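Q: Just need the whole structure built from these sequences, with the hints factored in.
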Amino acid sequence: MKNCKPKVPKITKLENGQIFIFPQPNTNILCQWRCLFPKSDDSINWGIWTTAENGTSKPECDIIEIQCRKKEESGTFKNFYKYLHHQIYREDPPSAEMPSPQNLEKADVFVIVIDSVSESQLIRSMPKTVHMLREYYESIPFRHLNKIGINSRPNGFAMLLGKTINSIPKSPMSRGHEADYKNYHAYCSKYLDGEQFIGFRYQDDGYVTMMSEDWAKGLFNWQNCIGFKAKLTDHYMRPFQLQYEASSGIRDKDMDSIMNKGSCKESFNHQIEYLQNFINAYPDKPKFSLTWMINLAHNDYNALYHTDDYFYQFFKNNQEKLNNSYVFFLGDHGPRFGGLRKTDIGETEDNNPFFFLSLPANLRRNTELTEILKSNSKMLISQYDIYATLTEIAKPSNPRTPKPLIKGSSIFHPLPQPRTCDKLMIPFQYCICKPETKILPKNNSIAIPAAEKLVSQMNSNLREYKETRRKCATLKLDINSTIKVEEFVDKGNLKIYHITYSTQPGGGQFWGYVSKRENDETINILSRERHPKKKFMIQHYSLAHFYTFEYSASNG
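Per this note's numbering, residue -3 is the first one in the sequence shown, and the count goes up by one each step.
The set of hints was computed from the structure by calculation and includes no laboratory data. Quantities reported herein were computed from a predicted structural model and do not represent experimental measurements. Be aware that one or more of the hints could be misleading.
[As the list claims (entries may be wrong)] Below 27 Å or equal to it, Euclidean Cα-Cα: the simulated DSS-like pairs (lysine-lysine) are: (1) Lys261 with Lys281; (2) Lys419 with Lys374; (3) Lys374 with Lys74; (4) Lys6 with Lys54; (5) Lys54 with Lys78; (6) Lys186 with Lys403; (7) Lys225 with Lys512; (8) Lys467 with Lys166; (9) Lys35 with Lys78.
[As the list claims (entries may be wrong)] If you anchor each label on the Cβ, the simulated ranges turn out as follows: (10) Asn358 with Arg459: 36 to 44 Å; (11) Glu316 with Thr339: 21 to 29 Å; (12) Asn276 with Ser39: 46 to 54 Å.
For each residue, glycine too, the CB sits at the ideal point set by N, CA and C.
A: Structural data, given as structure tokens:
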């Protein structure tokens, strides 16, 4: 944060596993600390408050909460300071004769995700970081990674579990693909501990594992999903986010501002520091990590620019330490918010997240492999292919999932052809391989009946679920706003249209695909979507991902 002056006094420091307390002039202070252990995705096991001894207190945990009190003139002590520290606590220190990273038999694997960043957006926003990756890590950019779902949930499941949460209906654009879960509750209301989470495979192969997200209601927990019951990696930063977001059940409304703005930091800074500590803590063991940064660019298309120097320095400083590593640097989808998203370019960017892959140094000289990767980098791939690739790297002798479901193809081998969106289970509405279209004039005959059909279907879905049946106002087509109609060219007797329209109340803007045959007035819906305009909370994921709504007057 440029030109930021910290508002939080630096009273304590955690260094080399020890707590240090900086003396305060003319003040008697008493500090206590406790460990915060991960219990489940939404709860913490609280350690015991212990008096902090300067330079001798050594917390045996990753996340430490500390509070300090100062003595008042009356003789009583008053709380005046609190903070969260994080580290990578290792029970067994590395041996004196540890192998160099280049000599480790298994390469490290680091997955670094920046949420909501497209391929072209990364190149525009982070030129120094891209230069560092291309020139010094010999990273290969995969220009045509295609998202498989609207937001982080379906793309994250595909990337990390290799599974589909949404079916693709059979239509003129698809042969149809079934979801791997019967319904929303099958993956949201049941614990995921028995799933083929990619981190489990690396644990089974002897890797030390780590995961961090900078939002407590992250990938597996958003919309009140329960996620995992037990700690899913060896080092799990979750208690840090639960506590500073006041999501742990014990509210601490000040901790967010203390840890971020008050300390001149952003949430991604804590994550990268945690990742750095993880890299440093295990020079002698193979490592797998997942760092998923949600807040950085999710709601602000321009927010990425100011981090270019930061990530450039991170990769520059770790060249030697990442020399024996696969580095997957990617997005889950592109930007979904803001005015740009309503444009054709914005739609393409939303569907095309960035992906850079760096190989271990010894494999960069493997001409056969690098030529395959360079060839594959020009082809259409999906998050299912990322999972297949990660699965191939780990080779456990006794995995908890002996034969994981693999829907994609490892990019380490020539990719199966042809690579169409439907073959890769990418829904038509997200496909970056767009056929030619033409915009119909405003007075076309399809606009109003098609838009009204889409609005009618939206209302039908709102009535279907108890969460929205009595709370949501009935939507109506806003006939005073522009209805944009694009017709796909050369589809023969079957006409496919892309309809963009607005509704009232609320002023939400939506789009959808419909089909219509010549000499037939029947309009069929292929899909519908929304341009997010208003923030809202709704319990059912299948509704939340494409509806904005207003409460009716009777519901406030």
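Q: Each hint: holds or not?
A: Hint-by-hint comparison with the structure:
1. Lys261 with Lys281: Status violated; Cα separation ~30 Å.
2. Lys419 with Lys374: Distance ~17 Å between Lys419 and Lys374 Cα, so the pair holds.
3. Lys374 with Lys74: violated (62 Å)
4. Lys6 with Lys54: holds (19 Å)
5. Lys54 with Lys78: holds (18 Å)
6. Lys186 with Lys403: Holds, at about 22 Å.
7. Lys225 with Lys512: violated (48 Å)
8. Lys467 with Lys166: Roughly 32 Å separates the two Cα atoms, so the pair is violated.
9. Lys35 with Lys78: holds (22 Å)
10. Asn358 with Arg459: 36 to 44 Å: violated (60 Å)
11. Glu316 with Thr339: 21 to 29 Å: This hint is violated: roughly 43 Å between Cβ atoms.
12. Asn276 with Ser39: 46 to 54 Å: Hint violated: Cβ distance 29 Å, outside 46 to 54 Å.
Hints 1, 3, 7, 8, 10, 11, 12 from the list above are not met by this structure, while the remaining hints are.
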